[in-house]
Every structure is written in C-alpha cells, then in structure tokens.
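Novice: Chain by chain, the residues:
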Amino acid sequence: MMDFLKRFSRNKGALLGALILIVVVLLAVFAPLIYPDSPWKMVQRPFLTPFSTDGFPLGTDTLGRDVAAGLVHGARVSLIVGLVSTLVALLIGVPLGALAGFYGGLVDDGAMRFTEFFQTIPNFALAIVLVAILEPTLPTITLAIAIVSWPPVARLVRAEVLSLRNREFVDAARLAGLSNMRILFGHILPNAMSPIIVMASLMVATAILLESSLSFLGLGDPNIMSWGYMIGAARTVIRNAWWLSFIPGVAILLTVLALNLIGEGLNDALNPRLARKGR
Amino acid sequence: MGIAWAILSRLAKAAITLLLIVILNFFLIHAAPGDPAAVMAGEAGAADEKFIAQLRAQFGLDQPLYVQFWTYVSGVVQLDLGYSYRQQMPVLDLILDRLPATLLLTLTAFFMSLLLGIVFGLAAAARQGRWGDSAITSVALLFYATPLFWVALMAVVLFSVKLGWFPAFGYGSVGAGYTGFELLIDRLRHLFLPALTLGLFFMAVYLRMTRSSVLEVSQMDFVKTARAKGLNERVIRRRHILRNALLPVVTLAGLQAGQLVGGAVLTETVFAWPGIGRLMFESLTARDYNTLLGVFLVSAAMVIAFNIITDLVYRLIDPRI
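Chains A and B, in that order, give the protein sequences.
Residue numbering for the first sequence follows this note's numbering, starting at 8 and increasing by one per position.
Residue numbering for the second sequence follows this note's numbering, starting at 815 and increasing by one per position.
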C-alpha cells in the first residue's frame, strides 16, 4: 500500500488530479451547507457579471439565479451520475466478461456477439434515444450511460481472465477442490483488479462528459441543477453573456481532466512495468 | 479466403446487427410511458382523441403484439421508417434530405483529426520524454477532457463573435446567390468551425494512439535488427517504424469513427448544421419518436458502413491478410 502511494505520488499530474477532485468532492458534499437555498431560486437581477457584486462571486444567470450556487449543486449530479453509472456498467461488464473468458466456447461466442452488438451502436445516439423515450430522470440517465459504457469492461475482463485461467494458482485451487465460481470470483478476478480499476476511473470521466452532453441537449432531470443544463440554458445569450456558458464548462473540464490524470497515475502505480515503457 | 467472401460475410453480419436494432427500436416504442399511438403522434402535437384512435387502427395497435412486431419490422426492412407527423413528411425522406450535410461534416472531421493526430503523435514520439513531448501530450489531454458542445460554443464566441473570422452557424450564406468557386469557399468557411470542434476530441485520441504505437514498435526486435545492420536512422523510421505503427492506428481510428456520428448531434445542434444530428435534436425536443428512432437506425447503419470500409482498406494495405 505504501509502495503504491509512493509510486502514485511520484506522478505530478496524478497528484494535481487528486487535488482537483478532492475540492470538487468537498464542494459537492457540502453543497447544502454552502448554498442552503435551491439553486433554482432567483436571488438577484439577471446578468450580473462575475466579481461585480458582493455575495455573488460568479454573478447571476439569465433568470437571476446564482451561478456559484448552481456550480456547487451541479457538482453533486456530475459525481453521482459518474460514479453510479460506472458501478452499474461494472456490474454488467465484469460478470459477463469473466464468464466468457472462463468458460470459452459457446458462452464466449454468445457473450462476445452481444458485446459487439452494443459496441457497434453509436453510444451517444443510443443514450439519447434511451433517455428521451424513458423520460429524463436521474435513474434513467444513469442507466442509459451504464448501458452504453459496459462493453469495453466486458472485453477487458475477458482478456484478463483468458490470460490468467491456465496459471498455476488456478490449477492449485482446482486441485484443492474449489468450485468454478469460487475459482473465478475468488482467485482469478482479484488478480485482474488493477486494469479494471484504471478503466473504471477513466469511465467515470467519460460518464460525466456524457451526462453533461445529455443535459446540454435538454435531456437532464428537470428538477436537478447540472453543469450541462447551465451551459444549455445560457446558449441563447452566448453573444452577450459568454461567461454564463464558459464557467460551467470549465468546471466540467477540470473534473474530467482530474479523473483522467488520476487514471493515468493509477495505471503507472498499479502496472509499474508497463509505465516504464513510456506509453 | 478471398476478398469477395470477406465482404459478403461482413454484409451478412451488418444485416443482422441492423435487424437487431430495428427490434430494439420496436421495444423502445413500447417501453415508452403512455400509449404508443400517442408516442408516435408526438404527445404535445396530437392530443386529439379521434386522431389517436385513427393512428391506433392504422398501425394495428389494437392487434396482438406479435402481429404489430411483424408489421413494424417488415415495414422497416422495406425502408419504410414511418411518418413524421411533426414535419408532415416520411421519415426516410427527411433523413435522406439531411444525410449529405452530416456525411460532409463527419468525413471532414474524421480526416482532419486523423491527419493532425498522426502528425502531432509522431512529433511527440520523436521527442519522447523531452519538453516538446510533454507540451503536445498535455494539450492532447486537455482536448480529451473538454466537452464537445462547450468547445463548439467557445469557438463561436472567439472566432465568430469576437474576431469575426468564421460564420457562427448554418450551411451557407442565405440569399447570397453564390455559384461555383464562391459557393465552395462559402461552404468551406461554414464547415471549418463545426469540423474543427467535432474533430478536436478525436484528434487527441488518435494522437495518443499514434504516440504509444510508435514507441511500442520502436522497441521491437526487427527495429533493433535494422539498427544492428547499420541502416540509416531515417530509413528505419520511415520504412520500419512508421509503416508498422500506423496500421493499428488507422484501424482503431476507423472503429472509433462511429463515435463521430454521436458527436455530430452536439456539433450540429450548436452550429445549426442541417444534418441528421440536428434532426435528432429537433425530433427530441418535438417528441417526434418516429424520426428519432429513424435517425438512430441510420446513424448505426453509417457506423457499420464505416467499419466495413475500414476493414476493406486494412485488407488492402496489410499484405499479411
């Protein structure tokens, strides 16, 4: 563990990413304390520019809502959707890939055809169709993002299991009389964890981008303030008040960048041999 | 295995995939909350009970599900994608009308991002570990994390509103009456910002792939052998490393290109580019589900066609297959 932390912190980008992410997480967690009022509430006259009025550091939007409050509350949606949809994607992709790699043959063929099918469909278009038809709510958005993001997980896990299933420790477990399920989920999968963790951290980043794109198109949960919605709502006034679109975009950019940096740091720390090859 | 056989098997696979998407579409219509007839008519537009009853009879929605299923699937197979009550036009005509604009945008963005990605990826790999390498990879990382729609909006602010270099939206200057060369220049000026912003993210992807692929190939044994034979370093780079490193990049790029069609929804919406992505956005806000699902099917077909073409190009370039 110490070794891991040491290797992770040697990567300056990863440290920067971790720092940004901690700030975003703190803002999201303490949003109800920092801005107890609803971010939808009109609090001042519209179009206050940033840094011009005390108490409204980032100004107000087209309807006089506090931009800073929206930003802080929006962090919650981004993080929750990013995390939960990644977890759901892992719950679909890991077992599917593991079973395909472990059993091979017909199971493998079937599972991989299924995965290939989902990989062929343009994933943003599928997410749009799913959310539009099932009505945009937090659960449907999360589910739609999970549905379009699991295929790479299944492929990765399958490849890892394939490379591990004939190793000696698996033979040993089999000789010890363990069941197939115990061997697969108790012995093989734990050894495939590092690449899965790296992929998961990058998936959270992609999920946040997907969520913001959906809510930008008006497919966000209508009751929840999100960064994508803020940009979409400010789009019509982009000529006069470009900063209303600019500020939430920077928030998305920083959060996604932080997660990507952390992903690279994890990759270096967990797969030290690969890292030295210079990627 | 001949090339004809390869094409045939790919086409058969494509047909099966498209059929599965049609089936998925059917179930999505029925999964939508509310009456499928109301859904098809577009909820906001047709509250009229009589109209919905007429629709129900017309689409056989009073029939058992398997009959409806057969009617729907056989309709789509005969290229009947339904009728858009919003636009008062068959969905297929709507899509065919918009398809050229999307093809122009996505293909331009694809080749632009592939070219820039490879050039900068090679530049980064040649400076591995030095200042130039970290500058290029950092910028790529930044593009990789930037929301597509946001970068499009910011490009409008900077290049159209502030600097006035490029038009902010549209497919061409309305009513300018350009012909010939002028028309081409006008179209290119309108195309530039949408293609650039759509391509930025993919440029970052291709750049990273090129860089890592070049670095990987440079360490392979045949490169060491070539060096040991005393070959000129430039010859090694061009004939040995470049050729072998770029093949996987081009293939992966072709497979990734499908995502361009999804990204086009965002770019076309921001730039009011009259393609099928914009059509998807319009049908979304109008709750015109027939059109929405039609665009979805066609965009999947575009991705499949793109993958098949990539596959064929790969077969032509790589002598081992």
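Derived by calculation from the structure, the hints in this document are not laboratory data.
We put the CB at the ideal spot given by N, CA and C, even for glycine.
Mixed in with the good hints, there may be bad ones.
Pair by pair, the computed Cβ-Cβ distance ranges are [what the hints assert, rightly or not]:
#1 B/V887 to A/I29: 47 to 53 Å
#2 B/F883 to A/D116: 44 to 50 Å
#3 A/N187 to B/T885: 44 to 50 Å
#4 A/F37 to B/R1129: 35 to 41 Å
#5 B/A867 to A/S45: 38 to 44 Å
#6 A/R242 to B/G991: 27 to 33 Å
#7 B/L910 to A/R242: 51 to 57 Å
#8 A/L22 to B/L834: 44 to 50 Å
#9 A/P102 to B/T885: 44 to 50 Å
#10 B/W945 to A/R52: 56 to 62 Å
#11 A/R52 to B/L833: 54 to 60 Å
#12 A/I29 to B/L910: 38 to 44 Å
#13 A/L23 to B/V933: 26 to 32 Å
Novice: Decide, hint by hint, whether the structure agrees.
Specialist: Results for each hint:
At roughly 52 Å, the beta carbons of B/V887 and A/I29 sit within the given window of 47 to 53 Å. Distance hint for B/F883 and A/D116: a CB-CB separation of about 26 Å, inconsistent with the stated range 44 to 50 Å. Under the hint 44 to 50 Å, the C-beta atoms of A/N187 and B/T885, about 45 Å apart, fit the expected range. Between A/F37 and B/R1129 the beta carbons are some 57 Å apart, a value that contradicts the proposed interval 35 to 41 Å.
Between B/A867 and A/S45 the beta carbon distance is about 42 Å. The supplied range of 38 to 44 Å therefore holds. Checked against the hint of 27 to 33 Å, the pair A/R242 and B/G991 passes, with Cβ atoms roughly 30 Å apart. Taking 51 to 57 Å as the suggested C-beta distance range, the pair B/L910 and A/R242 does not conform, at roughly 29 Å. At about 46 Å, the beta-carbon gap between A/L22 and B/L834 stays in the expected band of 44 to 50 Å.
Take A/P102 and B/T885: their Cβ atoms lie about 37 Å apart, and the range 44 to 50 Å is violated. For B/W945 and A/R52, the hinted distance range of 56 to 62 Å is not satisfied, since their beta carbons lie about 48 Å from each other. For the pair A/R52 and B/L833, the beta carbons lie near 57 Å from each other, so the given range of 54 to 60 Å is met. Taken as a hint, the range 38 to 44 Å is violated for the pair A/I29 and B/L910, whose Cβ atoms sit roughly 51 Å apart.
Against the hinted window of 26 to 32 Å, the Cβ-Cβ separation of A/L23 and B/V933 comes to about 28 Å, which satisfies the hint.
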